[in-house]
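Asker: Heads up, the sequence shown is in numbering that gives the first Met the number 0, so the first residue is 0 and it goes up one at a time.
Don't read these hints as lab results, they were simulated from the structure. Keep in mind that the hints are not guaranteed to be accurate.
To be verified - Capping the alpha-carbon separation at 25 Å, the derived lysine-lysine pairs in BS3-like fashion look like this:
no., residue 1, residue 2
1, Lys-207, Lys-195
2, Lys-247, Lys-237
3, Lys-252, Lys-132
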Amino acid sequence: MHNAINESYLGERYSEWSLDSDSTIETPNKNQAPWGLENISPIFRAYENSIWQNHVAAMWSHLEARYNITSNDSCGTHVHISLIEGYSLSALKRICQSIIYFEPAFEAILPRARLGNEYARSNWLDNPNFGYKRLSRRESMVVIEKCTSVRELVLLTPTTISSLGGISSISLKPLKEPLNFVVVQQARLSAMSLYKISKIPATVGGLKWFIEAAQLPQQPGLFDTRYINLLLDSVGPKLTREPKPMGKLSPDKLRKLQTKKDEDKRKNVMLAKISQPPYWG
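Please model the entire structure based on the sequences and the hints provided.
Answerer: Structural data, given as structure tokens:
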């Protein structure tokens, strides 16, 4: 782990964790401890029997043994996932459709303090091509199905295929267990037809059934549902919560969001890491 606070990322240390500042984390006093920090992991490769989850657990053990770590409602976790072989148009359609369909389940999982904020916006209601046009959830999914190119789909779903959508950057309570979001992503890739998916309730239990219906083999390091089930089983299976549109941001929230965007542009830690092959298995 190395210090990347307020300085450009220097050196090819892609296999290390990076500690950086984060202006979105609220602190009692701006210029003294506790400090708001972002911990950026190396790129992990998920494959059968890979030990990337052990590295996450080791990182937390190291920090907790040496520092007093606190959190508040402004803290969160986001995960970036990509496939080595890339995504086909069909796969991207299934992902976007399942994200929109199961949004009530994801909303039910989110901590209440993270609901309705600019970093976890609705991929349906806050999409200018869907919610702003008063399209229903199913109508939005039909529009997605009609896309004939990846570019068309990206332009249609800017809040889904980006870092600001609620599921693309799902915000959770600070997690000390390495949740296996690869399981959710792979379940989306093997998603069923629009007709079949509409038969599943958009509840937490329905989402869990959807993941299990993909029949992914239980492989430690790759498809291991133990961790994702910790999250899904922490709330009732019938729980569902409809998203609320963010609409126009207040001047304060807009300023905060712009500050974060400008801050990210000045950082090249993540950009440097994603430009290199994974170094940790």
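Asker: All hints are to be evaluated individually against the structure, with a verdict given for each.
Answerer: Hints, verified against the model:
1. About 15 Å separates the Cα atoms of Lys-207 and Lys-195, which keeps this hinted pair within 25 Å; it holds.
2. Between Lys-247 and Lys-237 the CA atoms are separated by roughly 31 Å; this puts the pair beyond 25 Å, and the hint is violated.
3. The hinted pair formed by Lys-252 and Lys-132 meets the criterion: a straight-line CA distance of about 24 Å does not exceed 25 Å.
The structure fails to meet hint 2 from the earlier list, while all remaining hints are met.
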